[in-house]
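S.K.: Given the sequences, and given the hints that come with them, work out the whole structure.
So the protein sequences, as listed, match chains A and B.
So the first sequence is residues 1 to 315, counted in my numbering.
So the second sequence is residues 1 to 283, counted in my numbering.
Derived by calculation from the structure, the hints in this document are not laboratory data.
Computed from a predicted structure; not experimentally measured.
Watch out, some of these pointers could steer you wrong.
Claimed, not checked - The following residues of chain B were derived to be distant from chain A, with all beta-carbon distances above 12 Å: (1) Pro39; (2) Glu57; (3) Thr175; (4) Ser180; (5) Arg183; (6) Arg186.
Said to hold, decoys possible - Short derived list, chain B residues pointing at chain A, Cβ under 8 Å: (7) Ala130; (8) Val133; (9) Leu218; (10) Val258.
What the hints assert, rightly or not - Reference listing, derived: stretches of chain A covered by chain B, where coverage requires no fewer than 3 residues with Cβ under 8 Å from a Cβ of chain B: (11) 17–28; (12) 290–298.
Positions of the beta carbon are idealized from the N, C-alpha and C atoms, including for glycine.
Now for the letters of each chain:
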Amino acid sequence: MGTYILKRLLAAIPTLLIAAVLVFAFIHLIPGDPASVMLGDMASSEEIEALQKEFGLDRPIYEQFVLWFGQVLQGDLGTSIYFQEPVLAVIGEGAETSLFLALFTMILIVVIGVPAGIVSASFHGGKVDQSVSGLAMLFASIPTFWLGLYLIFTVSVTLDLLPTSGFPSVIESGDLSNFRYLILPAITLSAPNSALVVRLVRAGMLDTMREDFVRTARAKGLPEWAVTIRHIFRNALIGVVATLGFTFVGLVSEAVVTETVFALPGIGRLVVQSIARRDYPVIQGIIMVVIVFYILVNLIVDIVTTYLDPRVKLQ
Amino acid sequence: MTAVFDFLSLFRHRWLAAIGLVIILIIVVAAILAPWITPFDPLKIDAIARLTPPNAEHWFGTDHAGRDLFSRVIYGARMALITGIGVVTIALSFGVLLGILSAYYPPLGLVLMRVVDVLMGIPALLLALAFVVVLGKGLFNSMIAVGAIYVTTTARITYGLTRKIVAETYIEAVTSLGASDLRIMRRHVLPNLVSPLMVQATFIFAFAQLSTASLDFLGLGLPPDVPSWGNMVAETRRYITRAPWLLMFPGGAIILTVFSLNLVGDALRDRLDPRFKDDLAKW
Chain A
1 MGTYILKRLL AAIPTLLIAA VLVFAFIHLI PGDPASVMLG DMASSEEIEA LQKEFGLDRP
61 IYEQFVLWFG QVLQGDLGTS IYFQEPVLAV IGEGAETSLF LALFTMILIV VIGVPAGIVS
121 ASFHGGKVDQ SVSGLAMLFA SIPTFWLGLY LIFTVSVTLD LLPTSGFPSV IESGDLSNFR
181 YLILPAITLS APNSALVVRL VRAGMLDTMR EDFVRTARAK GLPEWAVTIR HIFRNALIGV
241 VATLGFTFVG LVSEAVVTET VFALPGIGRL VVQSIARRDY PVIQGIIMVV IVFYILVNLI
301 VDIVTTYLDP RVKLQ
Chain B
1 MTAVFDFLSL FRHRWLAAIG LVIILIIVVA AILAPWITPF DPLKIDAIAR LTPPNAEHWF
61 GTDHAGRDLF SRVIYGARMA LITGIGVVTI ALSFGVLLGI LSAYYPPLGL VLMRVVDVLM
121 GIPALLLALA FVVVLGKGLF NSMIAVGAIY VTTTARITYG LTRKIVAETY IEAVTSLGAS
181 DLRIMRRHVL PNLVSPLMVQ ATFIFAFAQL STASLDFLGL GLPPDVPSWG NMVAETRRYI
241 TRAPWLLMFP GGAIILTVFS LNLVGDALRD RLDPRFKDDL AKW
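M.R.: See the structure below:
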């Protein structure tokens with residue numbers, strides 16, 4: 001197991017390098033000189049030159065990359081133009097909101113999406129399966145921003161049950177009732193993602209059902225529930241773990257929209273605001289953090305998969 | 001003609017998918033005929049009629065500037081059609097090219113697929129936003145930004161499919177007969193890719209609607225005065241308590257379009273050669 005993890009870690013290095021080159025290229029692809037773009041129209045040429053020096057923009061491009069990547073490896077993602085603070089600290093401020101939102105969303109996905117997928121696969125081809133699959137497809141077809149606004153309109157405005165927007169910090173105030181601010185956002189964010197998980201879990205279950213060991217289990221006279229739970233689900237679980245891992249990373253996508261709809265002070269909204277502020281180091285930093293996160297999740301999924309399925313190790 | 005009947009036979013026992021197909025056809029016709037079938041100019045401001053609820057004159061009501069919402073939703077279908085076609089064209093042309101080349105030249109494939117993997121690891125909308133930052137806002141740029149998301153998935157799928165096709169015995173046969181790489185790609189690989197990629201294109205078209213609408217909603221897509229469905233929902237935000245119809249009709253149009261496309265895509269996929277099914281995205 002130890003060597004396997006080490007091998008996996010080493011295999012992640014080229015991925016990280018490619019990611020770094022792409023992210024580095026991103027800021028250099030923005031039209032105009034980065035320093036003058038960041039400082040705006042009012043900047044004097046001295047200010048621009050000073051910033052160019054600070055970023056090492058007067059040096060050859062490969063040197064700039066090495067310099068930048070070295071800093072990234074040390075956890076230095078640069079300085080936010082707007083806040084005049086380290087990018088990592090700016091991202092950190094949005095972390096509480098985004099992580100709690102992701103946590104609640106994942107709970108909803110596990111509670112709704114996974115069982116729905118299992119039920120759907122167990123009755124595949126029948127009325128239940130068709131209804132669940134159809135419903136999943138419908139939810140995947142609803143734009144996140146629309147669902148958010150619709151929930152605000154019905155639950156917050158018309159029924160006056162939950163707050164419409166914002167999220168006062170729970171960690172700072174210690175007030176757990178503030179979590180009610182995240183109920184509607186979590187429902188909004190979980191809808192399209194649950195739908196995807198339903199489909200993936202269903203497909204994984206159906207694939208497993210065709211395996212030989214399932215036929216053997218049935219042939220030796222096990223009751224159907226035992227076959228489903230003990231043989232099909234336990235094996236399909238491996239795929240479910242992978243699905244949930246990547247869904248977790250993918251949440252960032254719709255979180256950008258959800259956090260904007262509900263005016264949540266998270267990382268997703270920070271992306272949109274940073275684009276409006278032309279705060280490119282922050283956007284670059286967020287993309288880099290998300291990629292590193294993705295590589296880590298990939299690694300964890302691989303390790304958990306190996307742990308769950310000894311066959312993977314042999315291959 | 002047989003091709004048409006063949007296509008229609010897909011929907012014989014799938015009434016929901018058949019309804020989806022009809023809805024898509026209606027939307028396409030409405031988009032094309034928009035100038036002739038809309039009762040009002042979608043951009044004409046009428047301060048007196050602002051925020052009128054749906055009635056006999058304004059079927060879907062009017063927005064905060066007194067513009068007729070029904071006419072705007074019909075014109076929105078036009079924008080949806082244009083962006084959808086744009087995104088699918090970009091995704092397929094670049095994705096297929098990259099996928100086939102990668103499958104054919106393994107050293108190139110090794111590098112390209114690694115890059116594709118990394119890009120696929122970036123959450124879709126974040127990748128699109130990065131493109132918008134580099135390219136700027138606008139119709140073509142949002143097509144490119146959203147298209148980029150699906151270039152990666154299409155490249156990956158084409159790569160998998162092509163490797164499967166190339167491993168077939170008949171390819172070996174034509175290779176030994178002296179056919180060039182280019183000829184094999186054109187005459188043998190591409191024709192085999194058509195039907196799985198058709199299915200893929202349907203889903204891209206569907207999900208592109210959601211992504212472009214999201215960009216519009218965030219104010220990073222089409223200019224705010226363009227009557228796209230995403231822009232309409234975005235404008236609604238301040239009037240949501242007074243005029244819920246502003247949310248319902250453009251939003252309903254998006255949902256109906258995407259859902260119909262997904263239903264049709266699902267029906268198409270079920271008829272696909274089972275060898276190729278696993279390569280398509282599970283969605």
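S.K.: Does each hint fit the structure? Answer for all of them.
M.R.: Against the structure, the hints come out as follows:
no.	hint	in the structure
1	Pro39	25 Å, holds
2	Glu57	25 Å, holds
3	Thr175	30 Å, holds
4	Ser180	32 Å, holds
5	Arg183	33 Å, holds
6	Arg186	31 Å, holds
7	Ala130	6 Å, holds
8	Val133	6 Å, holds
9	Leu218	5 Å, holds
10	Val258	4 Å, holds
11	17–28	holds (count 4)
12	290–298	holds (count 5)
In summary, the structure agrees with every hint in the numbered list given earlier.
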